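For reference, the chains in residue letters:
Number of protein chains: 2
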Amino acid sequence: MSCRFFSQFAIFATYRFKNMKIIKYPNQSEYKAILSRPTQDISVIEERVAPILKRVKEEGDIAIRDFALKFDNVALDNFTVNISEIQNAESLLTEDLKTAIKQAYANIYKFHEAQKSVPEKIETIAGVTCWRKSVGIDKVGLYIPGGTAPLFSTVLMLGIPAQIAGCREVVLCTPSNHPAIYFAASLCGISKVFRIGGSQAIAAMAYGTETIPQVYKIFGPGNQYVTAAKMLVNKEGIAIDMPAGPSEVAVYADETAKPAFVAADLLSQAEHGIDSQVLLVSTSETVVEAVNQELSSQLAVLPRAEFAAKALENSQALVVENQEIALEILNQYAAEHLIMSIENAEEVSEKIYNAGSIFLGNYTPESAGDYASGTNHTLPTNGYARAYSGVSLDSFTKKITVQNITQAGIQNLGKTIIEMATAESLEAHANAVRVRLANN
Amino acid sequence: MSCRFFSQFAIFATYRFKNMKIIKYPNQSEYKAILSRPTQDISVIEERVAPILKRVKEEGDIAIRDFALKFDNVALDNFTVNISEIQNAESLLTEDLKTAIKQAYANIYKFHEAQKSVPEKIETIAGVTCWRKSVGIDKVGLYIPGGTAPLFSTVLMLGIPAQIAGCREVVLCTPSNHPAIYFAASLCGISKVFRIGGSQAIAAMAYGTETIPQVYKIFGPGNQYVTAAKMLVNKEGIAIDMPAGPSEVAVYADETAKPAFVAADLLSQAEHGIDSQVLLVSTSETVVEAVNQELSSQLAVLPRAEFAAKALENSQALVVENQEIALEILNQYAAEHLIMSIENAEEVSEKIYNAGSIFLGNYTPESAGDYASGTNHTLPTNGYARAYSGVSLDSFTKKITVQNITQAGIQNLGKTIIEMATAESLEAHANAVRVRLANN
Chain A
10 MSCRFFSQFA
20 IFATYRFKNM
30 KIIKYPNQSE
40 YKAILSRPTQ
50 DISVIEERVA
60 PILKRVKEEG
70 DIAIRDFALK
80 FDNVALDNFT
90 VNISEIQNAE
100 SLLTEDLKTA
110 IKQAYANIYK
120 FHEAQKSVPE
130 KIETIAGVTC
140 WRKSVGIDKV
150 GLYIPGGTAP
160 LFSTVLMLGI
170 PAQIAGCREV
180 VLCTPSNHPA
190 IYFAASLCGI
200 SKVFRIGGSQ
210 AIAAMAYGTE
220 TIPQVYKIFG
230 PGNQYVTAAK
240 MLVNKEGIAI
250 DMPAGPSEVA
260 VYADETAKPA
270 FVAADLLSQA
280 EHGIDSQVLL
290 VSTSETVVEA
300 VNQELSSQLA
310 VLPRAEFAAK
320 ALENSQALVV
330 ENQEIALEIL
340 NQYAAEHLIM
350 SIENAEEVSE
360 KIYNAGSIFL
370 GNYTPESAGD
380 YASGTNHTLP
390 TNGYARAYSG
400 VSLDSFTKKI
410 TVQNITQAGI
420 QNLGKTIIEM
430 ATAESLEAHA
440 NAVRVRLANN
Chain B
10 MSCRFFSQFA
20 IFATYRFKNM
30 KIIKYPNQSE
40 YKAILSRPTQ
50 DISVIEERVA
60 PILKRVKEEG
70 DIAIRDFALK
80 FDNVALDNFT
90 VNISEIQNAE
100 SLLTEDLKTA
110 IKQAYANIYK
120 FHEAQKSVPE
130 KIETIAGVTC
140 WRKSVGIDKV
150 GLYIPGGTAP
160 LFSTVLMLGI
170 PAQIAGCREV
180 VLCTPSNHPA
190 IYFAASLCGI
200 SKVFRIGGSQ
210 AIAAMAYGTE
220 TIPQVYKIFG
230 PGNQYVTAAK
240 MLVNKEGIAI
250 DMPAGPSEVA
260 VYADETAKPA
270 FVAADLLSQA
280 EHGIDSQVLL
290 VSTSETVVEA
300 VNQELSSQLA
310 VLPRAEFAAK
320 ALENSQALVV
330 ENQEIALEIL
340 NQYAAEHLIM
350 SIENAEEVSE
360 KIYNAGSIFL
370 GNYTPESAGD
380 YASGTNHTLP
390 TNGYARAYSG
400 VSLDSFTKKI
410 TVQNITQAGI
420 QNLGKTIIEM
430 ATAESLEAHA
440 NAVRVRLANN
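Protein chains in written order, with the numbering used here: chain A, 10 to 449; chain B, 10 to 449.
In isolation and in its complexed conformation, chain A is listed as follows (with noise of 0.2 Å):
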């Protein structure tokens, strides 16, 4: 999950910028190396992070307001958020960011609903019905990062499948009190808002307090602590999100992409933190160059140029010989974010099969999925996207599977199972068809 947590300043500072790496025409053999990510071990910070779990499990409340004067230096007598603070939200907003707000809101709501499915009844052979029911995890935690930047577009990426999937308590868990952040989920029809933070509100949601109901799935971005204390959870049976990672995105580009473009496309990437994987594949070096070019004069203007001159310092520009060494290398690579900046973009990405999201031609940026488009910018980072898809209704609904099988079906059905289950050395199970084909 594209991890969007990043330092509390903003740095208004003139660095001077010394190019991505290129690297041109690599071997087969070299792809591996080339694109490996950073590892990353958070067995130490989980370490850290355990004693916290524990002592919210035992303590409930008391821990929660102990860990918040400690860590957050914060004195909490309650923290739970008032009806009416989440309510009045939207009268300290500009009417701009409201609109725009209500825009990203309608459009990912309207992409989130079109995902419902309609049960269809299956009947396998006459007398046996299977089909698939949808509902809503009954209880879900989402959990929003603190710090200067109030993430209330990823409070619309959780709530709104939320909301649709129909998840009757959904709690929502954020050191924030930003407005923003509070008409977002006024908007998303979630009213049990607690102002905590850091692992232990992770330890809170997954085994309940006095004042925070327990859930059943945690979903939502975090620093490491509150990776840490997912992943510690996810292993006592809470159902999380996906695992996270520094977001990260690819670009392919070839002669008739626009290197101002992909240069903006890029940097909106890198500005994340200087662990933001940025990987540029092209078909022509003059693109290549002339991205470089522009990434030094628009970095120039950026007030966190600092970040995102350094995640590109540690990124590469690959330039390959032809379309289909391209598309091998993104494949490979598995992008938490491809964008596709060349000709015939929609018919090319047939051909991808790993990647988290894909942004087809010149005019899609990353930030359209980030915000507003519809798309849900909760995505498999660090190569998870070869085995898993991004956040969608799917992730807050349950299928369960009914069958009804009626006096004729088992007789029809009943010899399969019983010369199946004797064969597995299961009796039991086959008497428990003949037992309803001597009744029948």
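Because the hints were derived from the structure by calculation, they are not lab data. Predicted, not measured: the structure shown is a model, and the values here were computed from it. Keep in mind that the hints are not guaranteed to be accurate.
Stated by the list, open to error - One side only, chain A facing chain B, incomplete, derived with CB under 7 Å:
#, residue
1, Asp-105
2, Pro-128
3, Glu-245
4, Gly-383
5, Asn-413
6, Glu-428
We put the beta carbon where it would ideally sit given N, CA and C, even for glycine.
Here the structure of chain A is known, so what remains is to put chain B in place on it, guided by the hints.
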């Protein structure tokens, strides 16, 4: 997931069965304790498994051969199962078993094929089009344990959705060489079969060896060592089907239930092993008593009677006042398998929101779903049904979001993105839109 692994020897023994424990009209405050499952701590097993994984990662095939000799007392020269052995398996089966397996294959295929979704393109606002494309996970691994019972049904349950999803590489590891397993594999189009078992087989698929391809997601049941290995490789980024636990059934029976059928269903769960979980919930004391009598008589003739009897003695029958209470208890328990032997079962089942799979009415035994009705038997157990679904086509598929924005589209959406990005202090995200608007 139903942990379909059990001890090696079926025991023909006369075992004196002492009835299920009956709890009449429990208070709501008691539900939690009554419904609690035995906790499992696999950390000790994990410590024993970790060095095995490490050796396979470092030494590949050599380590696989050493462990086969050490743990299974098998000297493996070549653990690749020859394609001719897979193709010839059919000739070693009885006609009846072949017919049964083919019938099950057809039903399971039909049910899972209906889970395919057609990507629908959504124009969220003019010029902004988003959709999801389904792609089979490129490389998946299936594990089927050994023992006396050849779990060829599980080969079908995992192999069929992998086949429909279009997974390019499907690897099957199993220490069994039973022809029914090879026949099921060949029906599912699986040609890469390796005769290895245990945690080393999981390691081989997670890391790859000289012989065994690395996969992105691993499916299948196994003993505690296999389970621990799956949990450990999952932490390293390999996806797994779902967390494992002892198999379980809850039967909800009213006065229309047939005690002989209910008893047969409870026994078919109980025969899996002494840790199997069985729960009977009924509004009728008469039915519960009749079921207990049936259990005694049916148990007497079962080959696996001793396991079943022990499992049943650890189990409970709850007599409750009314349907509302029964449903509350069943939703709280979140059974892997829920049999509803009640009047208007389908209508009432609408109120169930926590279960892995639901079996309606008197003629729908769990064993139908275990083998041949069409639904998948790999289901969330141990309460995981609160947040997890069973295995389906989705489990072998990723949904990649795709978006295509036109020049007009970015004009329509641009202001919203810029407004939100600026409010989240992500200027480069806003710039990625600004450069495109300027160029329009």
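So, going through the hints one by one against the coordinates:
1. Taking 7 Å as the C-beta cut-off, the interface hint given for A/Asp-105 holds, the closest approach to chain B being about 5 Å.
2. The closest approach between the C-beta of A/Pro-128 and any C-beta of chain B is roughly 10 Å, which is over the 7 Å cut-off, so the hint fails.
3. Interface restraint check for A/Glu-245: the shortest CB-CB distance to chain B comes to about 9 Å, outside 7 Å, so the restraint is violated.
4. Interface hint status for A/Gly-383: upheld, as the beta-carbon distance to the closest one in chain B is roughly 4 Å, under 7 Å.
5. Interface hint status for A/Asn-413: upheld, as the beta-carbon distance to the closest one in chain B is roughly 4 Å, under 7 Å.
6. Here the hint on A/Glu-428 is kept, as its CB sits about 4 Å from the closest CB of chain B, short of 7 Å.
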